[in-house]
Amino acid sequence: MSTTDQIEDPQRSLDQIPATRALIDQLYSCGKINRQARNAALQHLIPHTQWGIWASRLLLGLGVCLVLSGVIYFFAFNWAKLLPAHKLGGIQFAIIASIIAACVCGLNRLSGQLALISASVFVGVFLAVFGQIYQTGADAYQLFMVWSLLILGWTILSRFAAHWVLWLVVFNVFLGLWWEQVPTARSWIGPDWSPLILPLLACFNGLVLCTRELLSQRSASSYDWLSAKWTRWIILIPILTLLNIPILLLIVSPDLAYEGVFIGSFVGAIGHICVYVYYRKIVKDIWSLAAITISALIIVEILTIRVLFEILMDEEELGLLLMGIVTIGIITGFTMYLRYLTRTLQHENKVSVTTLPAKSTATSVTTEDTGPSND
Amino acid sequence: MRLKIMIGLTVVILLVLNYSIYQKEEIIDKGEIVFLELAPVDPRSLIQGDYMRLRYEIESVADEANASPDVESGYMIVSVNEQHIASFVRFDDDSPLAEGEKRLYYHRSYNGLKIVPDSFFFQEGHADRYQNAKYGVFKFDDSGNHILTDLVDEPAS
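In order, the protein sequence lines correspond to chains V and C. Counting along the first sequence from 1, when you hit position 319 you're at 497 in this note's numbering, and nothing is skipped either side. Counting along the second sequence from 1, when you hit position 99 you're at 105 in this note's numbering, and nothing is skipped either side.
Isolated chain V (complex conformation):
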């Protein structure tokens, strides 16, 4: 995040210049500070213990994932040899054990949070096993519906972004499967309407994103867990995908596009504009803007190729050559636009820094301790 060149405005006073790794390196390379000063400053800015914390968190997360998938594979492999009581009893035991671990560790610690997430996963495992033992039918949406309902309480209680991600995934799968298995399969709606689920899911996740933006801007410390930026991207990128697909379907085969695709494309276009305006004008976030730009690039690219393909149907070689050239042109154009956006946002942020020192993307290294470590 801090790798972009920073040419600081000489008029600003010292306390308004955000301390970043790039700045220290710049000072060192210009000979303003010596090696010890650079090391000391870096040690202060990025303590070496941070590495260990990062690694141990990564390992803890990986370990939980591996143990949970191990449990799932154990059940899958030994399915026929286990009695129903063993299967269901074992999973309930795992749920109780996870909850006890969460109680012991406390919900304010990462280990306690992960224990609670494990409990939520085990509820899903229980439902899958239950459905299999009692042959409740292949309408898998019921499983995901009950799962999302049962773990909603824990999720709200957890105040933990990863738990919400799990819940959102489960709930989105439920909505998608429900759409396919109830209104579509029971012919309440025609098959033409089945792509309508994409804009519907985009709207639902859009609401979630709005809630996230509203809550994370509150100064109350109870929503600190939402301020990490990855919680924005992890919702925004699926939304963009959902908005993008109907438009691509419309471009690729307009003859096969019916009501669902038309409505989806309309919502998609409006949605792209809304998120663009929001992240350009209200919350200035270059990473979100980059994602939106890439989504727009894909649409423009596919549209151009489609048009070229229609015009040059007979001249394959010329068509391919032109497609290559046009693709280079489009990608260059969008890259230049992104560079321009980055510069403009940096400028705007500098202006806002002079009035509101804490609100700058450049300070994110120092202010966002809970921020993403995977930049």
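No lab work stands behind these hints, which were simulated from the structure alone. Cβ atoms here follow ideal geometry from the backbone N, Cα and C, with glycine treated the same way. Hints may contain errors.
Partner residues are not named here, just some residues of chain C that face chain V (Cβ under 8 angstroms, in silico) [unchecked claim]: (1) L23; (2) V95; (3) S115; (4) E130.
30 angstroms max Cα-Cα, derived DSBU-like pairs, lysine-lysine [claimed, not checked]: (5) K259/V to K145/C; (6) K30/C to K120/C; (7) K36/C to K265/V; (8) K528/V to K462/V; (9) K265/V to K145/C; (10) K140/C to K30/C; (11) K265/V to K30/C.
Starting from the structure of chain V, add chain C where the hints point.
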């Protein structure tokens, strides 16, 4: 406080889960055995391993019956013979059930009338045990709830 709510929620969740087990076990314990003739096909489930997709003979019989009411879902009446094999009698018209008759829930989809469960789960790789199955083994309770417990080749109880 959060821990107390969490423990409370856990108790509620465990109660819900165990009550659903109890309900199903009651039907298996006390229910009456009924065989439904099959016409199987076979894709896979999302997270539950392998399964056999099922079509029941009775679905097509009921579909062809003239008196099929124009509703999305409802009950049909089946009669069970001495070998416990079920056959279609009529769509439910609120008339009382005769000896050996049962209510069976169905719903309509674009490829005709359907009875749930329309699938049978088994461990991955065990498909050969079930590929020749001719009957679905059901347990019925008095109010028409039923559970598919097995697939068999012959209706021997």
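Verification of the supplied hints:
1. L23: Constraint on L23/C satisfied, holds at 6 angstroms.
2. V95: Constraint on V95/C not satisfied, violated at 23 angstroms.
3. S115: This hint holds: S115/C lies near chain V, its Cβ roughly 5 angstroms from the closest one there, short of 8 angstroms.
4. E130: holds, 7 angstroms
5. K259/V to K145/C: The hint holds at about 23 angstroms.
6. K30/C to K120/C: holds, 21 angstroms
7. K36/C to K265/V: holds, 22 angstroms
8. K528/V to K462/V: This hinted pair holds, its Cα atoms lying about 12 angstroms apart.
9. K265/V to K145/C: holds, 21 angstroms
10. K140/C to K30/C: At roughly 24 angstroms apart (the allowed maximum being 30 angstroms), K30/C and K140/C satisfy the hint.
11. K265/V to K30/C: holds, 15 angstroms
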